[in-house]
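Going down the list, the protein sequences come from chains A and B. Going from the first sequence to the working numbering is simple: count from 1 and add 191. Going from the second sequence to the working numbering is simple: count from 1 and add 45.
Rather than coming from a laboratory, the hints here were simulated on the basis of the structure. No residue lacks a Cβ here, since even glycine has one placed at the ideal position from N, Cα and C. Among the clues, some could well be false.
Non-contacting residues of chain A with respect to chain B, defined by C-beta distances greater than 10 angstroms in every case (computed) [stated by the list, open to error]:
| # | residue |
| --- | --- |
| 1 | Asp400 |
| 2 | Gly446 |
| 3 | Ala517 |
| 4 | Asp638 |
Listed next, with one range per pair, are the computed distances between beta-carbon atoms [stated by the list, open to error]:
| # | chain 1 | residue 1 | chain 2 | residue 2 | range |
| --- | --- | --- | --- | --- | --- |
| 5 | A | Trp387 | B | Phe390 | 21 to 29 angstroms |
| 6 | B | Gln378 | A | Trp387 | 26 to 34 angstroms |
| 7 | B | Glu366 | A | Lys297 | 23 to 31 angstroms |
| 8 | A | Arg408 | B | Gln378 | 35 to 43 angstroms |
| 9 | B | Leu371 | A | Ala397 | 23 to 31 angstroms |
| 10 | A | Leu494 | B | Gln367 | 24 to 32 angstroms |
With a Cα cut of at most 25 angstroms, we get these calculated BS3-like pairs of lysine-lysine [said to hold, decoys possible]:
| # | chain 1 | residue 1 | chain 2 | residue 2 |
| --- | --- | --- | --- | --- |
| 11 | A | Lys410 | B | Lys399 |
| 12 | A | Lys297 | B | Lys97 |
| 13 | A | Lys297 | B | Lys365 |
| 14 | A | Lys300 | B | Lys381 |
| 15 | B | Lys197 | A | Lys297 |
| 16 | A | Lys300 | B | Lys407 |
| 17 | B | Lys388 | A | Lys300 |
| 18 | A | Lys300 | B | Lys197 |
| 19 | A | Lys410 | B | Lys407 |
| 20 | A | Lys297 | B | Lys370 |
| 21 | B | Lys197 | A | Lys410 |
| 22 | B | Lys369 | A | Lys297 |
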Amino acid sequence: MKRIRVERWGGQLLPQRIPRTRCPFSTEAVYTPYHPPRYQAYSENDRLRRPTSIARRHATSTTHPPRTPVPSSPPPPASNDAVEDVDIPSQAPETSSTTSPAPPVKSAKLAALHARLSLPSRLPLRTLHRCLIDATANPHPAHNNSSLAILGQDLLGYYTAEYLLCKYPRIPMAVLFAAQYAYIGAKTLNSMRGEWGVEAAAAPGAEVDKGLLQYRRQKAGNAMAEDGTGREKDATETRPTGTGRTNEQWNYRRGISSRIVYDDQFGDLQNGPASNSSSSLVDSETPASSSLAQRQTGESTTLEQASATFIHALAGALYLHCGASATHNFHTIHVISRHLPIHTLFSFKHPTRDLSRLCAREGFEAPVARLISETGRASRHPVFVVGVYSGQEKLGEDAGASLNEGRIRAAAQALRSWYLYSPMDFRVPSEMERQRGKDKGKPKAKDWTPVMIDPGEIIT
Amino acid sequence: MRATRAAHQALGLAALPRSQQYVCRACRAQAGRQFHTSNRDLAEVPFFQRLKHQIFGSKESQQAEKSREEKNKQRLEELHKSSGSGSGLGELEVKTGRHGQQYEVAAIVDPSDTQDYVPAQGWDGLERVGSEEWVKARADQGEQYVGFVPKKRVELSNKQWQMLLHHIMVEILALQQAGRAPGQVCYPRNADMYTWRQTRKAAMKSAMNRAGATVSFSDLAAEQFVLQAIPESASTETVQDQQVLINEVEFAVADADEALGWKASSDLSAPSWMDISIKNPSVKMALIKRTLQLTGKRLPDPAVSLSTTLADLYNHLQLKEQPKKLAQTPQMQRIKLSAPNVKVFTNRQTPIHKEKEIGRWKIIEEELVRRDLPVTGSRWQGAKSGWQ
């Protein structure tokens, strides 16, 4: 199977380069390059004509307009199904045929941010400015960060997942989801944005400082609803639609397996546009101003979501301008360097049961709890240190206020130590791609050794 | 003895600046105690006694007065003796002082002798002593001194500076060509020998050979006139006439606006004829000196030493456009390039600017307009009349 060359596809997201000079003898018609129109403040007219497929997850459309006058010009590359969705606002000014470069972006905040994050100089300030503009601030896909964010989101998710899986081969799925969210969830990215010193503009516009994160703010949950009777948060919440599940109109239990299949990298429902099949069965009195609906239609968003999109877009832009190594380096410095006490993410219902099943599966002797030490049995706060043994080997030990509690805690500790096993030196698969990229033609420095794959967690 | 030595040491420690030496509190206190502001000997005399001595006189003062009176009487007797011989008051004894200056010993007058002495009723006719002019006159000791630099600084426009420099340079080059020292251009001249007509028509050319720049006059008579006008020697008696210098400047820069096109350039750059080398120290010195003499304009030393051509000197002399705002100065413009994270504003940043930067201003304005409120300022009539 051919390697998917993401950089080739992603090149469509960047502003077009100036084409090669035309051969004087060619009979081809002149190809006028597309100049993206200057940024304009988000206006009322724009909203009606904005594209509806911003949040789709597959390959985005190109930045070419459908208005190239000459029909025999070379066709724009790989514009798939989304061409009819993109509706570039007609307020774009007519550009001349001269290939004049766009005016440089001058912003002290932007330059300071670029330097503060030690971003490589190959990433231009213009792209960094683009990363700071949310789709709700400017609907034009060439000027907002939505396309870059899709790429960056997948990259960051991939790097985080492979790191977690390679480091903790036995990690349970729920803990993996939780750890993934802890590393690159919206909340974490929001605090990361705050740590970087990126402030948000009060309202988007052309006059806003180019170093500020621009997005259209959602109405607060505590604000009064439009009808004036109650609060926004108390208004009927629309059932999320476009999740990809076939049973979404009913309140089905979402198990881990279905989350793996249908949901996103954190195990949460995906937000897609309303599909035709589900719209008829959705409550008719859903107010349009509900927060979920607003976010789905791309009218407004929260600071958390906008921060997450910004950081995703930055990762995407880094990948396109500077390559995979720079992006992985960015991921290591900013994401993996964050401290996560992963053992706190575990939650067991019946650890003793799980432990005995685990021992049976692995062929160990049945676990036995033994009291290691105790104190204060007759007092108000006794402490019993219980150890769980499989034969002569101690699997886990913990202290509890009662014998039972000690036993259960020790079993939980044993399970944690099993699931959080980490090999001493672990390698991630993307390392090979980066190695290959670095020394072309030279033999690979290290051959790939397979990573440990666990049979799975204990499911009871 | 020991006490004074200790006191001296303590005072020295406290008063003289010693670097990094520790002085303990006791020594500091002692130094403070030892410091006296009055005569030590007087401290031994009680206060009231001192007061009594000052008012009524002490034995020592009375004795001193007696001795003074006796000496005076002796002098008067001598005077009588000498006046008896017939010397009179006309000749005064001349003595030489410590530094070699000569002074006349004041005449002693016996008040009992002079019968025709009448005390003055007013100050008419009396000698006046001690005014500023009196001091100045005595300071110069009768010499008539005129400074080299003119009293008033002459302000010239750029075109006028070009014309003046042309005039001076022509004279200097003419002297150099004639084999005379260029410094002679500063010698005091006669009032009727103004050379501006001749120098204005002269043309200078910088030459690549060792001879340097050459000046060519319209005709030989002009050159001769110029050379004659500049005296070859200056005696110490001749005094420079300030008016001559003023007139010279005026004539040299007259009609600066209608100056010949090839001489004066309107933009800030120096005209092409100014590319004359002034590396010759005597030429440079003469040029600077003559400029100073005529206009009072001094140039800083680095400007003088770093200029190799007349054009460099002109660039230092010309009036450059001062930027009206700090943001337009070259230093601030350089900041824009060297520090991209710094913003330089030409106008004062108001709260409205800050609101605009974060994009909130348009919303504020919209809301204010919607409620019919003034966007900036206040509609209340008494708003600007101030408050007491």
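Here's how the hints hold up against the structure:
1. Asp400: With a cut-off of 10 angstroms, Asp400 (chain A) comes too close to chain B, as the shortest Cβ separation is near 5 angstroms.
2. Gly446: Non-interface label stands for Gly446 (chain A): nearest chain B Cβ at 45 angstroms, farther than 10 angstroms.
3. Ala517: holds (21 angstroms)
4. Asp638: Asp638 (chain A) clear of chain B: closest Cβ-Cβ about 46 angstroms, beyond 10 angstroms.
5. A:Trp387 <-> B:Phe390: 21 to 29 angstroms: holds (25 angstroms)
6. B:Gln378 <-> A:Trp387: 26 to 34 angstroms: holds (30 angstroms)
7. B:Glu366 <-> A:Lys297: 23 to 31 angstroms: Holds, since Glu366 (chain B) and Lys297 (chain A) (Cβ atoms, about 26 angstroms apart) stay within the stated range.
8. A:Arg408 <-> B:Gln378: 35 to 43 angstroms: Holds, since Arg408 (chain A) and Gln378 (chain B) (Cβ atoms, about 38 angstroms apart) stay within the stated range.
9. B:Leu371 <-> A:Ala397: 23 to 31 angstroms: holds (28 angstroms)
10. A:Leu494 <-> B:Gln367: 24 to 32 angstroms: Between Leu494 (chain A) and Gln367 (chain B), where Cβ atoms are some 48 angstroms apart, the hint is violated.
11. A:Lys410 <-> B:Lys399: OK: Lys410 (chain A) and Lys399 (chain B) at ~23 angstroms, within 25 angstroms.
12. A:Lys297 <-> B:Lys97: violated (87 angstroms)
13. A:Lys297 <-> B:Lys365: It is violated: about 30 angstroms lies between the C-alpha atoms, which goes past 25 angstroms.
14. A:Lys300 <-> B:Lys381: It holds: about 13 angstroms lies between the C-alpha atoms, which stays within 25 angstroms.
15. B:Lys197 <-> A:Lys297: Violated: Lys197 (chain B) and Lys297 (chain A) sit about 50 angstroms apart, past 25 angstroms.
16. A:Lys300 <-> B:Lys407: Between Lys300 (chain A) and Lys407 (chain B) the Cα gap is close to 21 angstroms, so the pair holds against 25 angstroms.
17. B:Lys388 <-> A:Lys300: holds (9 angstroms)
18. A:Lys300 <-> B:Lys197: violated (53 angstroms)
19. A:Lys410 <-> B:Lys407: The hint holds at about 18 angstroms.
20. A:Lys297 <-> B:Lys370: With a Cα-Cα distance of about 21 angstroms, the restraint between Lys297 (chain A) and Lys370 (chain B) holds, given a limit of 25 angstroms.
21. B:Lys197 <-> A:Lys410: Judged against 25 angstroms, a Cα distance of about 74 angstroms means the pair is violated.
22. B:Lys369 <-> A:Lys297: holds (24 angstroms)
Of the numbered hints given earlier, the model fails hints 1, 10, 12, 13, 15, 18 and 21; all others are met.
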